[in-house]
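*Asks:* Make a model of the complete structure from these sequences and hints.
Each chain, written out:
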Amino acid sequence: MPLLTVSRRLFMSLAASAAALAAFRPAAAAEGELKVLNWQGYGTDEKWALDIFEKKTGLKVVHDYFNSEQEMLTKLRTSPGTYDVVLMNNIYVMDAVNEGLVQPIDTGKITNFNDLTPALRDSDRFVKDGKHWAISWVWGLTSFAYNTKKVAERPDSIEVLWDKTHAGKVGWRDDALESIQLAALATGQDMNNPADLDKIKSKLEALKPQIRTFWSSEDEWNKYMAAGDYDLAVYWSGSAARSKKAMKLPVEFVVPKEGAIGWFDGLTIAAKAPNPEGAAKFIDFMVSPEFYVRWDTDVGAPASANAKANGELPADAMNRTILGDPEVVKRVQWMAPLSDEQRQKNQELWDEVKTKLAQ
Amino acid sequence: MAAPPRQRLEIIALTAPAYLWLTATVFLPLMAMAYFSFLTTVPVGGRIASFTLAHYVSFFTKPIYWFNAWRSIELGIYVTAISLLVGYPAALALSRYVRGRWREAIFLLIILPFWSNALVRTFSWTMVLREPLNLLFTYPAIVIGLVHAYLPYAILTIYISLQAIDESLIEASRSLGATALQTFFRVILPLSMPGVLAAIFLIFVPVIGSFMEPRILGGKDAIMLGPIIEGQFTAAFNWPLGAALSFMMLAIVLLMLAIAAPLLKRQLGSS
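So the protein sequences, as listed, match chains A and B. In case it helps, our numbering puts the first sequence at residues 1 to 359. In case it helps, our numbering puts the second sequence at residues 360 to 630.
Certain hints may be false.
Stated by the list, open to error - Partner residues aside, some chain B positions facing chain A, computed with beta carbon under 10 Å:
| # | residue |
| --- | --- |
| 1 | G405 |
| 2 | F419 |
| 3 | K421 |
| 4 | R430 |
| 5 | T485 |
| 6 | L495 |
| 7 | G577 |
| 8 | P586 |
| 9 | T593 |
Stated by the list, open to error - Quick list of in silico lysine to aspartate or glutamate cross-link-like pairs, EDC-like style, CA-CA up to 16 Å:
| # | chain 1 | residue 1 | chain 2 | residue 2 |
| --- | --- | --- | --- | --- |
| 10 | B | K421 | A | E252 |
| 11 | A | K203 | A | E99 |
| 12 | A | K272 | A | D51 |
| 13 | A | K150 | A | D219 |
| 14 | A | K223 | B | E490 |
| 15 | A | K272 | A | E99 |
Stated by the list, open to error - These stretches of chain B come out as covered by chain A in the derived footprint (C-beta under 8 Å, 3 or more residues):
| # | stretch |
| --- | --- |
| 16 | 395-404 |
| 17 | 594-601 |
No lab work stands behind these hints, which were simulated from the structure alone. For each residue, glycine too, the CB sits at the ideal point set by N, CA and C.
*Replies:* Structure, rendered in structure tokens:
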């Protein structure tokens, strides 16, 4: 029984005073500018692409980055009117809609809309009350990649991460949700609703002799892989493509027989975006084959939600050979949204595991 | 002690900017966090928050929190002790045996780490620790990185204390027949205690809250209360728990200060 509820106004005044203290707040968007919020190095900030976009529309794209999805949501909550386009993993879009952080998108302005894969485009993670709140952009998988110079034979099971021959040579991402979901796949459980959390915990604790160190960004992953710290490391499919192409690392991505974590990302327009027209134009450009084919071919990318764009990739592109294989897609479990309580429970379990790993 | 009115005005005028700045940048955000730490959830996006003590209770009932608080304190003790053991002789040598230009040059070398970005410094350590030391991603790597970062505080504060010692006291001690070692333990060391204590607090407090160096250098051994608090803010969206854990850490530091205060008073009183 709550003694008294906290007024929203009190919170807002506290938050406002805290925000006012952040003395170097970004200035209001200048005319002809478009502010994008995304992970660093995740497509929207490719310089060649921004040059093309500026030539087409006269809009100069400026970036701000986040290091976790919670940070992205916090930035939207505390700086309304700052951002135009925001990248969002599908599982966060409805949270953002319910909190009034994003606005519905006029699909008539997205010229590539009809080429987007309907299963992604019209998913209920993006559509509410008949309105599209995010435009489906890319999708990919989370499992692991291996160093082809250190691991002779292509592994086909996730168990290789627990294999003693790679003791002290495994890379892992310091992330509660991803860790729990990978352990659920390894123990044959529904990763969105695992029945046996104890089994997951002991499976994760069994990583103690295996893990060399945790990574937290693509940049770190590349560094550790290049330095020979990892034989194998948990990774994302699009990033693996980039590490191979852009960083020239000898790595291959694996979709093990136990399955992989599937995710799809959308591009949203912030509720109080200073330039919603420009935002729609930018999103349209991002889902176009013109941008995507060059992104995947020159840099490396996740699979496009635009079927036409995927179709224009070279025949040997990983996004066609692996992610385009229906047998692979069948093994994928798709990430589902989480409640705050589940998130807290996951974090606690993962902190407990990490404490065990350290002792 | 009361200053004449004019002087009092001057004092207020001179100190007001600093106090206003501190109030605005330290006190207000801290109050906001203190308030959050008693809420069930952050009241945004239609979440209804009510007051609770549950987060503070969690600190005592859930082993991961108090155990990792201890890991943080343990790290603080190691780093502070090693910084003092290395820093004291260095400060002593600087104040007593090095003169003129050499002293300037050595000072420059000591404060050099302050001029580089902490993140860059930590990443440079990853290279040295990987090869040939083979210590990267271990507990000693965290200690080494942090000692390097905080050693200048120890040297500088102890040096200032040693500098202030009246040379004639040392001469008197020697002329009265004390050996060099006796002079050190009975004259120099007690007189330099204010510097040592200042160094302890300057190093211990930031070290127990550190999370960047452990994460980059420590691999699996990085888990402490600092990274756990960070996770509550960046991953779990549980600001209230993160805030409560931070205040528990603050309480522990204040408690240690309170225990050390009589000791401090005695030391300062005797000097």
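*Asks:* All hints, please: hold or fail.
*Replies:* Hints and how they fare:
With 10 Å as the threshold, the beta carbon of G405(B) comes within range of chain A, its nearest partner Cβ sitting at about 7 Å, so the hint holds. For F419(B), the suggested interface contact is broken, since its CB lies about 15 Å from the closest CB of chain A, more than 10 Å. With a cut of 10 Å, the hint placing K421(B) at the interface with chain A holds, because the nearest CB-to-CB distance is about 8 Å. Residue-level restraint check for R430(B) holds (minimum Cβ-Cβ distance to chain A is 8 Å; threshold 10 Å).
Hint on T485(B) holds. Least Cβ distance to chain A is approximately 9 Å, under the 10 Å limit. Interface hint status for L495(B): upheld, as the beta-carbon distance to the closest one in chain A is roughly 8 Å, under 10 Å. At about 8 Å, the closest approach between the beta carbon of G577(B) and any beta carbon in chain A falls short of 10 Å, and the interface hint on this residue holds. With 10 Å as the threshold, the beta carbon of P586(B) comes within range of chain A, its nearest partner Cβ sitting at about 8 Å, so the hint holds.
Checking T593(B) against chain A by beta carbon gives a least distance of about 4 Å; that is within 10 Å, so the hint holds. Pair hint K421(B) plus E252(A) does not hold up; C-alpha atoms about 41 Å apart against a cutoff of 16 Å. For a cut-off of 16 Å, the pair hint linking K203(A) to E99(A) is broken: about 36 Å separates their Cα positions. Between K272(A) and D51(A) the CA atoms are separated by roughly 26 Å; this puts the pair beyond 16 Å, and the hint is violated.
Proximity of K150(A) to D219(A) is assessed by CA-CA distance (about 20 Å); at most 16 Å being required, the pair is judged violated. At roughly 15 Å between alpha-carbon atoms, K223(A) and E490(B) fall within 16 Å of each other, so this suggested pair holds. Using a Cα cut-off of 16 Å, the hinted pair K272(A) and E99(A) holds, with the two alpha carbons roughly 13 Å apart. Remark: the stretch 395-404 of chain B is confirmed as covered by chain A, as 7 of its residues place a Cβ nearer than 8 Å to a Cβ of that chain, reaching the required three.
Under a criterion of three residues with beta carbons nearer than 8 Å to beta carbons of chain A, the stated coverage of the stretch 594-601 of chain B is upheld, 5 such residues being counted.
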